[in-house]
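Colleague: Since the structure of chain A is already known, use the hints to place chains B, C and D on it.
Protein chains in written order, with this note's numbering: chain A, 1 to 275; chain B, 1 to 275; chain C, 1 to 275; chain D, 1 to 275.
Calculated from the structure, these hints are not laboratory results.
A quick note: this is a predicted structure, and the numbers were derived from the prediction, not measured.
Hints are supplied without guarantee of correctness; some may be wrong.
[Claimed, not checked] Think about it this way: if two alpha-carbon atoms lie no more than 30 Å apart in a straight line, the pair counts; the simulated DSS-like pairs of lysine-lysine are:
(1) D/Lys233 with A/Lys233
(2) B/Lys22 with A/Lys103
(3) A/Lys127 with B/Lys6
(4) A/Lys103 with B/Lys6
(5) D/Lys233 with B/Lys233
(6) D/Lys127 with C/Lys127
(7) D/Lys103 with C/Lys103
(8) B/Lys80 with B/Lys22
(9) C/Lys103 with D/Lys6
(10) C/Lys6 with D/Lys127
(11) C/Lys233 with A/Lys233
(12) A/Lys6 with B/Lys103
(13) B/Lys42 with B/Lys22
(14) D/Lys22 with D/Lys80
(15) C/Lys127 with D/Lys6
(16) D/Lys103 with C/Lys127
(17) D/Lys233 with B/Lys80
(18) A/Lys103 with B/Lys103
(19) C/Lys80 with A/Lys233
Number of protein chains: 4
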Amino acid sequence: MDDALKSARSGDLTMLVAADRKSFIFRLNPGDMFQSHLGILKHDDLIGAPWGSRIHSHLGHEFLMFEPTLRDFLLQIERKSQIIFPKDLGYVLLRLSIKPGAKVIEAGTGSGALTTALAWGVGTDGKVFSYDRREDMQELAARNLSLLGVRERVVFHRQDIEQGFVERGVDALFLDLPTPEHYLVHARTALGSGGAFGAIVPTTNQVTALLLALERDAFALVDVCEISLRYYKTVPARLRPTDRMVAHTGYLVFARPLAQRFETAAGSDEEFTEP
Amino acid sequence: MDDALKSARSGDLTMLVAADRKSFIFRLNPGDMFQSHLGILKHDDLIGAPWGSRIHSHLGHEFLMFEPTLRDFLLQIERKSQIIFPKDLGYVLLRLSIKPGAKVIEAGTGSGALTTALAWGVGTDGKVFSYDRREDMQELAARNLSLLGVRERVVFHRQDIEQGFVERGVDALFLDLPTPEHYLVHARTALGSGGAFGAIVPTTNQVTALLLALERDAFALVDVCEISLRYYKTVPARLRPTDRMVAHTGYLVFARPLAQRFETAAGSDEEFTEP
Amino acid sequence: MDDALKSARSGDLTMLVAADRKSFIFRLNPGDMFQSHLGILKHDDLIGAPWGSRIHSHLGHEFLMFEPTLRDFLLQIERKSQIIFPKDLGYVLLRLSIKPGAKVIEAGTGSGALTTALAWGVGTDGKVFSYDRREDMQELAARNLSLLGVRERVVFHRQDIEQGFVERGVDALFLDLPTPEHYLVHARTALGSGGAFGAIVPTTNQVTALLLALERDAFALVDVCEISLRYYKTVPARLRPTDRMVAHTGYLVFARPLAQRFETAAGSDEEFTEP
Amino acid sequence: MDDALKSARSGDLTMLVAADRKSFIFRLNPGDMFQSHLGILKHDDLIGAPWGSRIHSHLGHEFLMFEPTLRDFLLQIERKSQIIFPKDLGYVLLRLSIKPGAKVIEAGTGSGALTTALAWGVGTDGKVFSYDRREDMQELAARNLSLLGVRERVVFHRQDIEQGFVERGVDALFLDLPTPEHYLVHARTALGSGGAFGAIVPTTNQVTALLLALERDAFALVDVCEISLRYYKTVPARLRPTDRMVAHTGYLVFARPLAQRFETAAGSDEEFTEP
Chain A
1 MDDALKSARS GDLTMLVAAD RKSFIFRLNP GDMFQSHLGI LKHDDLIGAP
51 WGSRIHSHLG HEFLMFEPTL RDFLLQIERK SQIIFPKDLG YVLLRLSIKP
101 GAKVIEAGTG SGALTTALAW GVGTDGKVFS YDRREDMQEL AARNLSLLGV
151 RERVVFHRQD IEQGFVERGV DALFLDLPTP EHYLVHARTA LGSGGAFGAI
201 VPTTNQVTAL LLALERDAFA LVDVCEISLR YYKTVPARLR PTDRMVAHTG
251 YLVFARPLAQ RFETAAGSDE EFTEP
Chain B
1 MDDALKSARS GDLTMLVAAD RKSFIFRLNP GDMFQSHLGI LKHDDLIGAP
51 WGSRIHSHLG HEFLMFEPTL RDFLLQIERK SQIIFPKDLG YVLLRLSIKP
101 GAKVIEAGTG SGALTTALAW GVGTDGKVFS YDRREDMQEL AARNLSLLGV
151 RERVVFHRQD IEQGFVERGV DALFLDLPTP EHYLVHARTA LGSGGAFGAI
201 VPTTNQVTAL LLALERDAFA LVDVCEISLR YYKTVPARLR PTDRMVAHTG
251 YLVFARPLAQ RFETAAGSDE EFTEP
Chain C
1 MDDALKSARS GDLTMLVAAD RKSFIFRLNP GDMFQSHLGI LKHDDLIGAP
51 WGSRIHSHLG HEFLMFEPTL RDFLLQIERK SQIIFPKDLG YVLLRLSIKP
101 GAKVIEAGTG SGALTTALAW GVGTDGKVFS YDRREDMQEL AARNLSLLGV
151 RERVVFHRQD IEQGFVERGV DALFLDLPTP EHYLVHARTA LGSGGAFGAI
201 VPTTNQVTAL LLALERDAFA LVDVCEISLR YYKTVPARLR PTDRMVAHTG
251 YLVFARPLAQ RFETAAGSDE EFTEP
Chain D
1 MDDALKSARS GDLTMLVAAD RKSFIFRLNP GDMFQSHLGI LKHDDLIGAP
51 WGSRIHSHLG HEFLMFEPTL RDFLLQIERK SQIIFPKDLG YVLLRLSIKP
101 GAKVIEAGTG SGALTTALAW GVGTDGKVFS YDRREDMQEL AARNLSLLGV
151 RERVVFHRQD IEQGFVERGV DALFLDLPTP EHYLVHARTA LGSGGAFGAI
201 VPTTNQVTAL LLALERDAFA LVDVCEISLR YYKTVPARLR PTDRMVAHTG
251 YLVFARPLAQ RFETAAGSDE EFTEP
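Pulled out of the complex, with its shape left as it was, chain A reads as follows:
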């Protein structure tokens, strides 16, 4: 009756969700075994089962099997550092106008959550240029990207951005590092003009420092915001928010570079204008 049922195939990215909603994400590979404290499952038993099936381990524990969404994947990536959360990532992608074919710079790479979301959004025709000094972080991010199957969309630069960015004329640039205010001139050069700039910082002091620098370095349309996500318990007869929530991840800052930096400075600071 449900003739449109799609089934898991060898090579598919798969998510098993246990009764407590703990999830496990991996690729289906004939002959492999899935092992957890809840029991063992043969990949061969999963291959061919319809998505949305209930699967039982050898210990009798039930799992639901789904293709993970991008959000599922991002919440499960292996990490060595704080990641940017989906609630912020979704908005960042809209503010940076990420689309198939886009060219985007990010620094630093970190555990690769933003890298992953950007790579997802730019598609096979786009490219993400990701900067980080730490080789271990980029190796971790590369593993995460490979699992999702979007590794080839990312170019890693293992270098400090104090010397600037290699690319020119990118569509967007995002900074997730402690002192974004130090790199705005480099960001301008990489963006050329017309692109979109974004950053995330955890403290108000950093926001203040970045706002001062954005004004100094002739960025316009500056926005600072924070996004909150509140979940509800899903009992229909007792609908209410969960007891606790994430109170803070970071402040998001967005801006656009003005074309004529020096002209702008002159215009707003007339005593230095040539007679």
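Modeller: Chains B, C and D only, in chain A's frame:
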């Protein structure tokens, strides 16, 4: 010196932002005039100017000229109904796992904000199937999509969804209408299995009704959440949130269809199982 | 030099705060010992020390000694049930217009957090009438009130409120129980007219039920709200909210009883009006 | 049947609430007239009517008549400056442990919202000492206090607090002025020890400055927080938050003074301790 400056060309989508941050979005067309209460500008004077330029109208009012981001565009679309806001749209796209090439159903079309964001994300290889009974809404949405240049990615169905959806095996399906609980069986059929379901409703009563129906109709991984966006005033020495904010747009509900609907029902309701 | 220093005296309510901000509240009593896993302190060594002193246990752990504020006390009361939190209590007291000399009814007693706050506010000339079926809860609340020294301001009724309240013409009445909508007629009778009604319920379904009943039973000026409290980390150079917060305690509902219930009903339901 | 109905008497503080919930607060005075754009009412027609009555003006507009709660009063006070809102006031009173008989200092007076709430809470046995340089503000606050009938509980000092406070050993002290960090030494002196300190500031930069000073001047148990209040539309079948809300009023900062300022400094900075 800024050799990477990109300039506006004929046919480009353009945004002029006035001193009060009111913005105007249109396509550059040789010979056309931009007219507002702040004065007149010839498109020919804009064509060739670098993005990020300061432009002055014949009345001397200054505008900044940028390529609009997707968020800029969404906030400015012509509308006859409440739109889904960017804070929600970004998260919806992540939860629905929208990517280049994806096939997505939405109902209703409304003014086309979600339609636009979906069309943006699925790229030229993807497709959005948009249902609405009202011809005027779909014509409005089509105009908005055309302005952004993504009209051809959307197939409009001007029909009630009481009879179900035409498509099968889509990757995602989103309902933005008053009684989403009435259409879950149709949603299952269109999603097949493995896809992602989402909905937005403004009231808690609607959330309760939808939660009941999701359980009845064998959807799993149900989440209900709300997203808040708080802006800050961007004065570095006086950093503080704005005085007022949007308190509520809607509750977001996400779920995944289970593969075996009837088996599930039997399993959870054993007294009705055949001997 | 600090000639205004006030010192702890025998009988004073005292709070010791450890380095991790865990606090202990008790009354100073000559000869007694304070014992915790951080060590032992003689009350005699505390009596006579100025408030705000640093005190060291026999294990060398440091405590700060303060008079607890009402909020400190409320967060530390012995409890067997969920209490109403200070963020909500403060607002409830303002909405119920609690003042020295006021007469207030609450039901149920619970662990006595609201009882305590009300008793604090009404002073020695006021009175709190607290209803609960459970003897153990009222004994617990009585212990908490005694520790604060306000036990005599509270009259406990160990009885179900299905038969109504004993008092008449009270200034305010607050319901903290699962089905406040069942007791509105009794609440009207106790309040007479002119008083203030309040309730707290955890779920949206309860709010809906209460709103329906408030309309039916001729209450006016109905307000529903929720209060959020977000703490910040207090590092000056890294000011930012804490990572997590309480997402929800309950919905607060406030209303005022109209004087003429039947007249009101007639007025809004004209087919029953005498010709 | 409703034998407990209480009626408005001459001299009572009265609130009339129009259909749009706009409210008017005044004292009943025989012979006086209430006048608004909604029509005229004779006080003599209100005196003797039960609280909670529906009253009609000579133009036929309906009002509900209630005794205003403290919150009603605070939202309606005449003002020349931003007031502290009830959502913050309620929590401030709990954190400052305001009770009948307490002695409290505040600076500045402003329009007197906090003054009013403090005077309400300390009762006839307590006292509020309110400092402000501006005579017009104190006259305004005095008018508001007089209307509520608590004028005699407040002592106004029309003076700058740069020279310190007159009182010693008060129970609590609250600063609502731009640079609270300048007055902490004076606050310590007035509080003696054991009292509670609080402040409200609108910007994060001010919070940072105050946090630095609190550490420098030996205050402990420092908390920074912000309180949000979200109202719901009260339609039972369509329960949802209002569309917009207040996003920010101010950051609340609380602390307790340590007893031994200099000893403390030495203790935490051992290299400067005398041998």
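Colleague: All hints, please: hold or fail.
Modeller: Here's how the hints hold up against the structure:
| no. | hint | in the structure |
| --- | --- | --- |
| 1 | D/Lys233 with A/Lys233 | 21 Å, holds |
| 2 | B/Lys22 with A/Lys103 | 28 Å, holds |
| 3 | A/Lys127 with B/Lys6 | 19 Å, holds |
| 4 | A/Lys103 with B/Lys6 | 14 Å, holds |
| 5 | D/Lys233 with B/Lys233 | 28 Å, holds |
| 6 | D/Lys127 with C/Lys127 | 22 Å, holds |
| 7 | D/Lys103 with C/Lys103 | 24 Å, holds |
| 8 | B/Lys80 with B/Lys22 | 20 Å, holds |
| 9 | C/Lys103 with D/Lys6 | 14 Å, holds |
| 10 | C/Lys6 with D/Lys127 | 19 Å, holds |
| 11 | C/Lys233 with A/Lys233 | 28 Å, holds |
| 12 | A/Lys6 with B/Lys103 | 14 Å, holds |
| 13 | B/Lys42 with B/Lys22 | 19 Å, holds |
| 14 | D/Lys22 with D/Lys80 | 20 Å, holds |
| 15 | C/Lys127 with D/Lys6 | 19 Å, holds |
| 16 | D/Lys103 with C/Lys127 | 23 Å, holds |
| 17 | D/Lys233 with B/Lys80 | 23 Å, holds |
| 18 | A/Lys103 with B/Lys103 | 24 Å, holds |
| 19 | C/Lys80 with A/Lys233 | 23 Å, holds |
Hint violations for this structure: none, all hints satisfied.
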